[in-house]
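Top line first, the protein sequences correspond to chains A and F.
Residue numbers are given in my numbering: position 90 of the first sequence equals residue 90, and the series is strictly consecutive.
Residue numbers are given in my numbering: position 27 of the second sequence equals residue 27, and the series is strictly consecutive.
You may find that some hints are simply not true.
[Said to hold, decoys possible] Calculated cross-link-like contacts (lysine to aspartate or glutamate; reagent style DMTMM-like; alpha-carbon spacing at most 25 Å):
(1) 55(F) <-> 5(F)
(2) 44(A) <-> 58(A)
(3) 100(F) <-> 110(A)
(4) 3(F) <-> 15(F)
(5) 112(F) <-> 24(A)
(6) 41(A) <-> 53(A)
(7) 100(F) <-> 85(A)
(8) 57(F) <-> 5(F)
(9) 22(A) <-> 5(F)
(10) 40(A) <-> 70(A)
(11) 44(A) <-> 9(F)
(12) 40(A) <-> 39(F)
(13) 40(A) <-> 96(A)
(14) 52(A) <-> 84(F)
(15) 41(A) <-> 84(F)
(16) 3(F) <-> 85(A)
(17) 57(F) <-> 96(A)
(18) 100(F) <-> 30(A)
(19) 3(F) <-> 38(A)
(20) 40(A) <-> 60(F)
(21) 19(A) <-> 54(F)
(22) 40(A) <-> 58(A)
(23) 40(A) <-> 54(F)
(24) 59(F) <-> 5(F)
(25) 44(A) <-> 39(F)
(26) 100(F) <-> 24(A)
(27) 100(F) <-> 18(A)
(28) 36(A) <-> 54(F)
(29) 40(A) <-> 9(F)
(30) 41(A) <-> 54(F)
(31) 100(F) <-> 54(F)
(32) 9(A) <-> 110(A)
By construction, these hints were calculated from the structure, which means they are not laboratory data.
Listed below are the residues making up each chain.
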Amino acid sequence: DTAVSQTPKYLVTQMGNDKSIKCEQNLGHDTMYWYKQDSKKFLKIMFSYNNKELIINETVPNRFSPKSPDKAHLNLHINSLELGDSAVYFCASSQDLGGRVSGNTIYFGEGSWLTVV
Amino acid sequence: SQKIEQNSEALNIQEGKTATLTCNYTNYSPAYLQWYRQDPGRGPVFLLLIRENEKEKRKERLKVTFDTTLKQSLFHITASQPADSATYLCALVSGPGGFKTIFGAGTRLFVKA
Numbered sequence: 001d002t003a004v005s006q007t008p009k010y011l012v013t014q015m016g017n018d019k020s021i022k023c024e025q026n027l028g029h030d031t032m033y034w035y036k037q038d039s040k041k042f043l044k045i046m047f048s049y050n051n052k053e054l055i056i057n058e059t060v061p062n063r064f065s066p067k068s069p070d071k072a073h074l075n076l077h078i079n080s081l082e083l084g085d086s087a088v089y090f091c092a093s094s095q096d097l098g099g100r101v102s103g104n105t106i107y108f109g110e111g112s113w114l115t116v117v
Numbered sequence: 001s002q003k004i005e006q007n008s009e010a011l012n013i014q015e016g017k018t019a020t021l022t023c024n025y026t027n028y029s030p031a032y033l034q035w036y037r038q039d040p041g042r043g044p045v046f047l048l049l050i051r052e053n054e055k056e057k058r059k060e061r062l063k064v065t066f067d068t069t070l071k072q073s074l075f076h077i078t079a080s081q082p083a084d085s086a087t088y089l090c091a092l093v094s095g096p097g098g099f100k101t102i103f104g105a106g107t108r109l110f111v112k113a
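Let's have the full structure, built from the sequences with the hints guiding it.
Here you go:
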């Protein structure tokens, strides 16, 4: 059973296109995230949602729009893709916001490799 | 500004030796510090967590220390094996509710047989 699953795993697209990455977690967690890992391997938080409510938005361009239809899903839509958007995007979840129970242990998906050409 | 620093150079050690990885931070007051392992082409996997009021934590061959005065954590793998070869990420959990997790860039560990 995959705890955090995201699709697609690989995505190659042209500049200017719009694309979406879907994410689902079956852990019953309240909090979900999108992280971006660039070519230098830095893992940077983009968004955090708790029970479908946006908690963190880390100065990400407006072209990136997360959507959480329910607390088990957090999708990422990207408009007008640019070359600099090429990276690995990780969806993740944690049990609770604030880590009072879990210490905010984060469970990651396997990543979506986005290449913009 | 806030920084998390891990050795950017890869660490090469011989099988059976103890690997020690360092995580230093500035301008943070983390509630927790975590260590994750990331294999090529995979997502990070949680290994250990240590709280701000704890000095040391152990799990099997892994040991983490946390010195809030030095603002440093050390991550040790004893009796290292080639299967331990991976990138190890340090992460700080901070914020009023502990809801923000910030990752270091990671240190690549190679264990030679």
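_Checking one constraint from the list: CA of residue 59(F) to CA of residue 5(F), max 25 Å. Satisfied?_
holds, 24 Å
*CA of residue 100(F) to CA of residue 54(F), is that 25 Å or under?*
Roughly 20 Å separates the two Cα atoms, so the pair holds.
*Is it true that the CA of residue 22(A) sits at most 25 Å from the CA of residue 5(F)?*
Violated. Residue 22(A) to residue 5(F) sits at ~32 Å, over the 25 Å cutoff.
*asked:* Check whether the Cα positions of residue 19(A) and residue 54(F) lie no farther apart than 25 Å.
replied: Cα-Cα ~44 Å, so violated.
*Take the C-alpha atoms of residue 41(A) and residue 84(F), compute the straight-line distance between them, and say whether it is at most 25 Å.*
holds, 19 Å
*Given the hint that residue 3(F) pairs with residue 85(A), test it: the Cα-Cα distance must not exceed 25 Å.*
Satisfied, since the Cα-Cα distance of roughly 24 Å is no more than 25 Å.
*asked:* Need the status of pair residue 36(A), residue 54(F): alpha-carbon distance at most 25 Å?
replied: violated, 30 Å
*Quickly compare the C-alpha distance for residue 100(F) and residue 30(A) to 25 Å and report which way the hint goes.*
Measuring from Cα to Cα gives roughly 14 Å; hence the hint holds.
*asked:* Please verify whether residue 57(F) and residue 96(A) have alpha carbons no more than 25 Å apart.
replied: Status holds; Cα separation ~22 Å.
*Starting from residue 40(A), check that the Cα of residue 39(F) is at most 25 Å away, please.*
Distance of about 15 Å is within 25 Å: holds.
*Sort out whether residue 9(F) lies within 25 Å of residue 44(A), counting only the CA atoms.*
It holds: about 20 Å lies between the C-alpha atoms, which stays within 25 Å.
*Please work out if residue 44(A) and residue 58(A) have their alpha carbons no farther apart than 25 Å.*
holds, 9 Å
The structure does not agree with the numbered hints 4, 5, 6, 9, 10, 13, 14, 20, 21, 23, 27, 28, 30 stated previously, though it agrees with the rest.
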